[in-house]
Amino acid sequence: MNKHQAVNIIMIEDDEGHARLIEKNIRRAGISNDIHHFTNGTSGLEYLYNHPSGPAQNGPALILLDLNLPDMSGTEILGRIKAENSPLKRTPIVVLTTTDDKIEIQRCYDLGCNVYITKPVNYDSFADAIRQLGLFLSVIQVPDFPEANG
Amino acid sequence: MRRSLRGITLSDRWFNRLVIGAVTLGFVLLVAVGFVATSTILENQAQTRWVNHTYRVQRAIGRYRGLTERAEAVRRGLLLRTDPGFYDSFYRTTREIEPALAELRRQTADNPRQRLNVAYASSLSRRHLFLLNRSVRLLRDNKRDAAIASFNLDERSPLIWELRRVGASMTAEEDRLLAIRNAEQRASLARFYITLGVAGVLLVLVGAGSLWIIIHYTRDLARSRDELRRLNADLEGAVFERTADLQRANDEIQRFAYIVSHDLRSPLVNVMGFTAELESGAQRLSAMIDKAEAKAPELVDQAAKVAVRDDFPEAIRFIRASTEKMDRLINAILRLSREGRRTINPEKLDMGALFKSVADALRHTIDERDVDLSIEPRLPHIVSDRLAVEQIVGNIIENAIKYMVPGRRGRIEVRGRLEGARAIFEIADNGRGIEPRDHERIFDLFRRSGQQDQPGEGIGLAHTRALAYRLGGTISVESELARGATFRINLPVAFTGEQKASI
Chain E
40 MNKHQAVNII MIEDDEGHAR LIEKNIRRAG ISNDIHHFTN GTSGLEYLYN HPSGPAQNGP
100 ALILLDLNLP DMSGTEILGR IKAENSPLKR TPIVVLTTTD DKIEIQRCYD LGCNVYITKP
160 VNYDSFADAI RQLGLFLSVI QVPDFPEANG
Chain V
70 MRRSLRGITL SDRWFNRLVI GAVTLGFVLL VAVGFVATST ILENQAQTRW VNHTYRVQRA
130 IGRYRGLTER AEAVRRGLLL RTDPGFYDSF YRTTREIEPA LAELRRQTAD NPRQRLNVAY
190 ASSLSRRHLF LLNRSVRLLR DNKRDAAIAS FNLDERSPLI WELRRVGASM TAEEDRLLAI
250 RNAEQRASLA RFYITLGVAG VLLVLVGAGS LWIIIHYTRD LARSRDELRR LNADLEGAVF
310 ERTADLQRAN DEIQRFAYIV SHDLRSPLVN VMGFTAELES GAQRLSAMID KAEAKAPELV
370 DQAAKVAVRD DFPEAIRFIR ASTEKMDRLI NAILRLSREG RRTINPEKLD MGALFKSVAD
430 ALRHTIDERD VDLSIEPRLP HIVSDRLAVE QIVGNIIENA IKYMVPGRRG RIEVRGRLEG
490 ARAIFEIADN GRGIEPRDHE RIFDLFRRSG QQDQPGEGIG LAHTRALAYR LGGTISVESE
550 LARGATFRIN LPVAFTGEQK ASI
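From first to last, the protein sequence lines stand for chains E and V. Our numbering puts the first residue of the first sequence at 40, with every later residue one more than the last. Our numbering puts the first residue of the second sequence at 70, with every later residue one more than the last.
Do not rely on the hints blindly, as some may be mistaken.
[Stated by the list, open to error] List time: in silico SDA-like cross-link candidates among lysine to any residue, alpha-carbon distance up to 25 Å:
no.	chain 1	residue 1	chain 2	residue 2
1	E	K63	V	A390
2	E	K63	V	R184
3	E	K141	V	R455
4	E	K63	V	R455
5	E	K63	V	L337
These are computed hints drawn from the structure, not numbers from a lab. From a predicted model like this one, the values you see are computed outputs, not experimental measurements.
Looking at chain E on its own, in the form it has when it is part of the complex:
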């Protein structure tokens, strides 16, 4: 257990505006952890698995994932992270997307998503939801990486 190591927030979100609004509202909730933003699946996965400061190499993380990405679908990323032999399989994933399709939601939970949040179009609700997510993040316990780090 490494209690001093801060939890990194990794956000994979193709819409810059959404990313900005999410970040603003998380900050407003008092979360000051580092937020790493990636606008596509490829660079996001690259960071998660291969970057020296990425979660696979270095410390706990929490992933905010959008399902509609330009290069691959969010469920594919979700599937890879939560796969049986993935070093990141215990990393909490919050799916934050515009899709509110029941089947899609079910699929995400089946794949191992921890929280599924539909982005409300109404901004007040949106801001509210993100702020509550921030509050949630401030109390959530994130596992270390015993397998990855030995």
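With chain E's structure known, arrange chain V on it following the hints.
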């Protein structure tokens, strides 16, 4: 060659006409041949009469000649041996000569040559008879020698020979006539047989033609009947195919709507989000201006004040209103597409009860607007999706209530009937009606008709039609402006599943 009901080709038609024409001509010819045959027979009969006539003349000539010869023979007999019985025979014979000549004259009245012959024969006969009678008178007076002398004299005169020559010439003349008449009769008989032969051939041809026409037409008729039966059977299939097409188109639109609405949502979140950010920033700015105005009014210029206090909020208000409207529209599309993705659960529906329950759900508005809603008893039952049918029916009745004419008591009538494997429900109102040019338009998404004095996004009927298509049905409207509208829902009696492209 495959021929459809109306597909009989032009050449076929010509051929048919030709055959009909030929057969008609054949019948006409047959009648003509009949006339010819009859006239030939009549002619033949006339000729037979002539031939018979010739025979009769010949017989008369023969009789005359025979009588003449016999009279002569009797005279000679008397000269040889005076037998009293011979006198009798003589008188009997000579008495008959004159009538025989008269008969001959009568029979040959038509032939001038024979008439001359008969006249000549008559004069000869008169002299002959005179000589005969003289001989017989001498014998009766027992002057045998004088009788024999006179007979010898007579024998030397050419009278007897002349008589025989005339008789032979008359017979020859009749033989000649007989030959001619027989030939004529044979010719006319031959003509008759030829005519008969022609008639036979024509009969066969006309018969064959008629038979061909009958068979052809019977076959055509049978084919048409089969075609009709097949078409009848196919009609249902055609309806099914058509609705399947509609369903496919509907599915595509819904998939499209689903994607578009999702993609539209993302930028909208940004617009709304940053507008809110802008607003809160503007509020802070406004508060600061207020503070600055209070503490150091010289710092606050009028333009900045107007911008912060009026322009910003106004702009934000407009952006807000527009984005909210857009949000509503996108949500409507989403709802539509989501409805399209819902699984259809067919069950037996008592449409009377269903209409009643829909009416009960709308009871409040019905009473409020004083609308008289009547549902025909004994509506047909169908097997379909309850929720979808309720939504269709509910939407149309709701519209009917919504678009009544103010001041006129609203009336809505629900009717239903079965048409084969389809159930047709009509919802007729006496409301403001819809202009004919808008009859299709009102089923389009976001399109509305008439005066825009009622709230709505123009989604209901599009949704209704999409649902009807999904159920394998159709929906249409008949209306005239200010005369009310009749919406017609046509649904399969039993929902048979959908050909749905998977999303």
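- Mind checking the alpha carbons of E:K63 and V:R184 for me, to see if they're no more than 25 Å apart? 153 Å, violated
- Are the Cα positions of E:K63 and V:L337 separated by 25 Å at most? 17 Å, holds
- Message: For E:K141 and V:R455, compute the direct alpha-carbon distance and say whether it is at most 25 Å.
- Response: Holds. E:K141 to V:R455 sits at ~21 Å (cutoff 25 Å).
- Query: Hey, E:K63 versus V:A390, does the alpha-carbon distance stay inside 25 Å?
  - Reply: It holds: about 24 Å lies between the C-alpha atoms, which stays within 25 Å.
- Query: Taking 25 Å as the top limit, are the C-alpha atoms of E:K63 and V:R455 close enough?
  - Reply: Violated, because 47 Å separates the two Cα atoms, which is more than 25 Å.
Hint compliance for this structure: hints 2, 4 are broken, all remaining hints hold.
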